[in-house]
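Asker: Sequence:
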Amino acid sequence: MEHTTIRLETSCPTEFIDLTDRLASLVAVSGVRTGLLNVQSLHTTLGIIVNEHEPLLLADFATLLEKTAPRQASYRHDDTAVRTVNLTAGERVNGHAHCQALLLAPSACLNVVDGRLRLGQWQRVFVVELDGPRRREISVAIFGERAR
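Whatever position you read off the sequence shown (first residue = 1), add 1424 for this note's numbering.
In case anyone wonders, no lab produced these hints; they're calculated from the structure. Don't take every hint at face value.
[To be verified] Here are the in silico distance ranges between beta carbons for each label pair:
{"hint": "1", "residue 1": "T1487", "residue 2": "R1516", "range": "17 to 27 angstroms"}
{"hint": "2", "residue 1": "D1442", "residue 2": "C1533", "range": "15 to 25 angstroms"}
{"hint": "3", "residue 1": "R1500", "residue 2": "L1466", "range": "16 to 26 angstroms"}
{"hint": "4", "residue 1": "H1427", "residue 2": "V1537", "range": "18 to 28 angstroms"}
Quick reminder that beta carbons are idealized off the backbone N, C-alpha and C, glycines included.
Please model the complete structure; the sequences and the hints are all you need to start from.
Answerer: Pasting the structure below:
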């Protein structure tokens, strides 16, 4: 198994970052010919999606997330007078981001075939920032058979 951590610094409250080329490079360097790549967010307000890199689609999805869990709505998670669990100094007001993240996956498992990520014609792998800007970490594990 190969493992690495991708470190990012996001720049916007909601942001789509295409990791596909970085992941493909990691597969190539790993020497795995047939296997799996697992990419996992290490944060509760950062999701992983596989979809088309088309700006209007991504804008539509950002709008959908905002309509589903609006930033300006009231969230019990943000009420530190009532909430008693997992509180830290400088707690962010980010209930919306947690609710949005619950609609996304925290990881994606992708096939590696003939030493390459097996993706459809338009498929790309994104991390979706929901509470930026922030420093983020993504765990990547590659499993499988190497060339003989």
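Asker: Decide, hint by hint, whether the structure agrees.
Answerer: A quick look at each hint next to the structure:
| no. | hint | verdict |
| --- | --- | --- |
| 1 | T1487 / R1516: 17 to 27 angstroms | holds (22 angstroms) |
| 2 | D1442 / C1533: 15 to 25 angstroms | holds (18 angstroms) |
| 3 | R1500 / L1466: 16 to 26 angstroms | holds (25 angstroms) |
| 4 | H1427 / V1537: 18 to 28 angstroms | holds (20 angstroms) |
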